[in-house]
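Enquirer: Chain by chain, the residues:
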Amino acid sequence: MTVEKLKEKLMLDAVVVPDSNREITGCYIGDLLSWVMGAAKTGDIWITIMSNINIVAVATLCDTACILLAEGVLVDEEVKQAAQERKINILSSKKSAYTLSTEIAELLV
Amino acid sequence: MTETVKFHFTVDGENFTMAGQASVAVKKNLRQLGISPEIIRRVSIAMYEGEINMVIHAGGGEADVFVYENMIEIVLTDNGPGIANVELAMQEGFSTAPDQIRSLGFGAGMGLPNMKKHTDFMGIDTKLGKGTKITMRVNF
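Same order as they appear, the protein sequences are chains A and B. Position 84 of the first sequence, counting from 1, maps to 84 under the working numbering, and the rest follow consecutively. Position 45 of the second sequence, counting from 1, maps to 45 under the working numbering, and the rest follow consecutively.
For the record, the hints were derived by calculation from the structure and aren't laboratory data. There could be a bad hint or two in this list.
Chain A stretches covered by chain B per the calculated footprint, using a threshold of three residues with CB under 8 Å from any CB of chain B [unchecked claim]:
#: 1; stretch: 21-35
#: 2; stretch: 41-54
#: 3; stretch: 61-75
Values in this document were obtained by computation on a predicted structure and should not be read as measured data. Positions of the beta carbon are idealized from the N, C-alpha and C atoms, including for glycine.
Isolated chain A (complex conformation) (with noise of 0.2 Å):
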């Protein structure tokens, strides 16, 4: 499933997406960035409360699908600026961490 159609079947909010076609395989939950870079894995839509610049980082180097901030969490523009600069999805929901991903989980299978 894409990143775009995630967020469509969702209704997910765009934060940026400038690589809507990314394909999306698995999903990890996490805020401790480096314990999310032991262990999430490529190609995961990694869900996070986490909203400070490292994140862009974090899902850069662990070549994650999307990132989607649960529960509503804001980003500054410069995270949403280093994010379309290296071609890193962020998605956002108000919906808590634990109802995205098990509604995540129906659309995976």
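We have chain A; now place chain B onto it with these hints.
Expert: Leaving out everything else, chain B in the frame of chain A:
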């Protein structure tokens, strides 16, 4: 063994939000060299953790990456306070990072363990009050 390519970066210790620039640049350079994505992932994650450590604990430092025929070597050198107890620092969950760093999502005590996990070799040469030199190798 022939050394093919070499990259050097200065890691700015003042600007935490810019940390990771060297790792991201290395990732891009390695991709251009045609190195496999899995190797690149391991190298760049290990290097990013090292870079973050230098920013948090040592006020920055120097990062060198050497690409050999069958191996990539990352050497991180700083003039920070050194690591008092390497064995303890290597334990998952042990951290001396300040609260402000934790609020940014780091300082979980996973940095050094992650670096070891993602590399085939990691050596720590540290002297209290002098600094730390970390050498990591990823074979391919």
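Enquirer: Now tell me if each hint is right for this structure.
Expert: Okay, the hints, checked on the actual structure:
1. 21-35: holds (count 5)
2. 41-54: Since three or more residues must qualify, the claim that chain B covers the stretch 41-54 of chain A holds, with 5 doing so at under 8 Å.
3. 61-75: Contact hint for the stretch 61-75 of chain A vs chain B: holds, 3 residues under 8 Å.
Checked against the numbered hints given earlier, this structure breaks none of them.
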